[in-house]
Amino acid sequence: MSAANINLKLKIWRQEGPNVVGNFTDYDVEVSPDSSFLEMLDELNNSLEKEGKDPVAFESDCREGICGTCGLVINGQPHGPVPKIATCQLHMRNFNNGDTIWIEPFRAKAFPIIKDLMVDRAAFDDVMYAGGFVSVNTGGVPDANEIPIQKDVAAEAFDAAACIGCGACVAACKNASAMLFVSAKVSQFSLLPQGQPEKYERVQQMVKVMDEKGFGSCTNTYACEAECPKGISVKNISRMNRDYLVSKAVSKTV
Amino acid sequence: MGWLYESLNSSIGKKFIMAVTGISLILFLIFHLAGNLTLFAGPEAFNGYVEKLEGIKPIIRIIEVPLALVFIFHIFNGVRLWWENRKARPEKYAVNGQSKNTNVFSRTMIYSGSIVFIFLVLHLATFWVAFNFTGEPHEKAYAYYGVVADWFQHLWYVAVYVVAVILLGFHLNHGFQSAFQTFGWNHKKYFPIIEKIGTIYAIVMSVGFASMPIYFYLNGGS
Amino acid sequence: MAVLNSKVPDGHISEKWTNHKFSIKLINPANKRKYDIIVVGTGLAGSSAAASLAELGYNVKAFTFHDSARRAHSIAAQGGINAAKNYQNDGDSVYRLFYDTVKGGDFRSREANVHRLAEVSNNIIDQCVAQGVPFAREYGGLLDNRSFGGAQVSRTFYARGQTGQQLLLGAYSALNRQVGKGKVKMYTRKEMVELVVVNGKACGIITRDLATGEVEKHSAHAVILATGGYGNVYFLSTNAMNCNVTAAWRAHRKGAFFSNPCYTQIHPTCLPVHGEGQSKLTLMSESLRNDGRVWVSKKKADMRAPGDIPEDERDYYLERKYPSFGNLSPRDISSRSAKEAVDDGRGVKGGEAVYLDFRDAINRLGQPAIEEKYGNLFEMYETITGENPYKVPMMIYPAPHYTMGGLWVDYNLMSNLPGLFVLGEANFSDHGANRLGASALMQGLADGYFVIPYTIGDYLASEKPELIPTDHEQFVKEESEINDLVKRLLATNGEHTVDEFHKKLGRIMWNKVGMARNEAGLKEAIEEIKEMRDSFWDEVKVVGGAEGVNQTLERAGRVVDYLELGELMARDALERNESCGGHFREEYQTNEGEALRDDQNYTHVSAWEFNDVGDWTHHKEDLNFEYVKLATRSYK
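Chains as they are written, first to last, in the working numbering: chain V, 1 to 254; chain F, 1 to 222; chain G, 1 to 636.
So that you can see chain V by itself, here it is in the shape it has in the complex (with noise of 0.2 Å):
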């Protein structure tokens, strides 16, 4: 710890609103090895705002690497260059001194971008209200130890559920494409006991919700898979192709 400070250029995508041109505005910091990623951000902001400028909008909330919140695109990777954490866990002795780094917002036409770094991922909640679920309601259900479930299938559908819902997947994908992001909802129940009476239904409704929202297709890149900050893996993505695919076979609905 505590090692001698560093000097950055910082390369920060501005955009006012909505629907105003954006553009790369360049700031110089100097900050401690030691300092996260955003935390130089606030840094930055704190000056600018003493300035009276504008801060530079982005979002975070946890900083633990679990909410999802946050995101950016660092020098081309969304989450920056170290695999699997999240903006929030980079840290700034993975940088150098002299450093030049970009900054964007997750790009993709179904994140439209709010301000400067900040985007709407409404359209990842919509995926989720057409069919992330099972259908039980509250109380009356059986006993928790009712339905034994093999510790490794439990343990598949818990590397599913780990996904944080941040983007990356579609921030990084050349496609815009989420079926990381739908597919990793879609295989927990999928594994599940519990999501077997929906499971054609299910899926049949999330994709179309997530084509509707203008999402790119998948090509079979595996950015995702790259990029994800929980390490899901596209075998995800494959089981979906394979629940959809079964689904429109042999559903009864024309």
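FYI, nobody ran anything at the bench for these hints, they're computed from the structure. For glycine and all other residues, C-beta sits at the position ideal for the given N, C-alpha and C. Errors might be hidden in some of the hints.
[What the hints assert, rightly or not] Each pair of labels, with its calculated beta carbon distance range:
1) G:Asn290 to V:Arg93: 24 to 34 Å
2) V:Asn94 to G:Asp599: 50 to 60 Å
3) V:Arg93 to G:Gly494: 34 to 44 Å
Based on these hints, arrange chains F and G on the given structure of chain V.
For chains F and G alone, kept in the frame of chain V given last:
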């Protein structure tokens, strides 16, 4: 049938079309290469092989129609996907990190595919048209081998051919495993094997198809 | 005293809830759709309440200031959730969970509420499993449990180190289902900035849209606040950046009593502060203390590297002071001991940190065994600090983590303001002066899934279905006051940023209303906060405008509330002349430095009524301990 149209037009449906047509073309290439390898056995073998196909011409014609449709669907759907997917990100990144999170084969499918398509047109124009529609019938028996041997004397043609089949290999290397992923057959144990088979297949196809023009060019047509 | 009626039902503790459910009023299913309910907050308590109420047929409007309901800070809970399932056959029962929770809360919670919590704990697990929450399982396919601080049984259900995430996503999925059905109207990026009270009843809220800046009015038959705790008053805490007290505090200003604000939990194993730019603190799971040994140098300001400090110059202070519990002593005790060492100048290199050393465990069990147990935590530590904890000891320090205090509620979870209900961390009810590990998740879900769906009917049954329209004069008045507040904040063109004020307040709170408090310090804190509050309105600088995104303005509004809450916390701490749980008054300790409760004079809940800024009336609700005998907690 509305449901079918709707299903195939969904994002997953479009992938499915790519995968089904892709796998069909992968199978076709195996037969195509196997047949063409008779070139190495000399004019008689190759001409004999073509003659045999001529002998069952009606059947070939019937196969050619779906094969053409498969090509058309694959190409049309591929271009459509590329076009639609471009629209899913209207504003591009200033710095693009694709080289850090994808491999070159997967992100260049549209380019490798397009070049292979241009080659396909050239290929059909030079061989398929010649074999089927030009040249005197009684001369054909000799001409099949001759046409091939002649074309492979042109350096530019050989070069185009070799470059195209290398790109075809790139295309197949991604396409092979990608089809399995799309069908939902991504399994922890078996998928790595599928990926290896795909790479081997792609190399065999590239080397196989490239070997002929190079062989003829180096041997001066004999 | 008459002001506060806890409405605890009669009968034996184990029958109170059952009797109560029978005796409270019901609304027939066809009539439920005539009632609108506002739920503010979409964490465990808010999501589960919104979903369950919508399932019953009520029209629910759910509000969150996040971009999605799933971002609520419940998501960051690591450890697990308690339930009295007794799946491990180790003698657990509803009564034991009840007993442990009352004792863990240092006898400052309401017995009947805690018993109900223990009763419904089992239903929560059933509910979550039915929703597809992937809890950890044994090889036989049944649910796994582990043990947690303050309990001698294994009753904690968990999903790796992400239990909060999985439970929240479960509640979120139930909420999504109702949004899809149109029974819940979801409002995202809308921060509640005012409670609207008409004829003494809560009947709506004013919100500010954080994307557009628009101020909006929403009316309903009842308002539920599930808006979390106030730990961010310290600026640095393990709470998320946006956690705030605004919703609860504005309701307090409108008449809802605030209870026990001085009960704050300081978690012992967090990563130390790295510098001035630090934005928040990160928790390291308490489970690390199973194998890690906590120590500092015996010398003051010892600048040597940890590896150069010989064994006989190390002070394993927890093992020395509490031989039977050692490194696994409860949170409050461990935190305080770390502070003592640091105050004595014996922290790491004289600074604010102590060592958590795995050297002996690695030598004993081998690195692979440690890796298997704590691999992800060690990785997280290295990501943040850049140091390899397999080679050098971890550095940890306590940090504000949870707040037991909150808005006062009765047994129905209704505040003293009719129509205003408060759930989860935002209320004060179940944890007393100290919360046990894995109990926060339990309480949030208990309130939302299994308590409020019953108890809200008791209130609504006597309410007419007519809604107070949002053009009612009170709504209009509140709306314009919020617009005025925004204008005032933007007009004050001072020299200091909002964060500078917040950090300064945080330092006062941490130093004087933190892990250990004393009369003189508390009085100083009150004065300093008052001064700060005055200077805030002259010196703060909030750039930008009222329209569109203005994150500085958002934070400014929250700091305004912290500046009032901070004073109340200090006053409450000053009034409570005893040490209990998370509230440690230096004047009240045993000869051995342990917390000294005063059951004679302080077996009550403090409830503060807001009169004006800096002016409160103190009310008390007496606590009766009929089933758990008052006793001194000992961990020696």
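A quick look at each hint next to the structure:
For Asn290 (chain G) paired with Arg93 (chain V), a C-beta distance near 30 Å keeps the hint of 24 to 34 Å intact. The supplied range of 50 to 60 Å is met by Asn94 (chain V) and Asp599 (chain G), whose beta-carbon atoms lie about 54 Å from each other. In this structure the supplied range 34 to 44 Å holds for Arg93 (chain V) paired with Gly494 (chain G), their Cβ-Cβ distance being about 35 Å.
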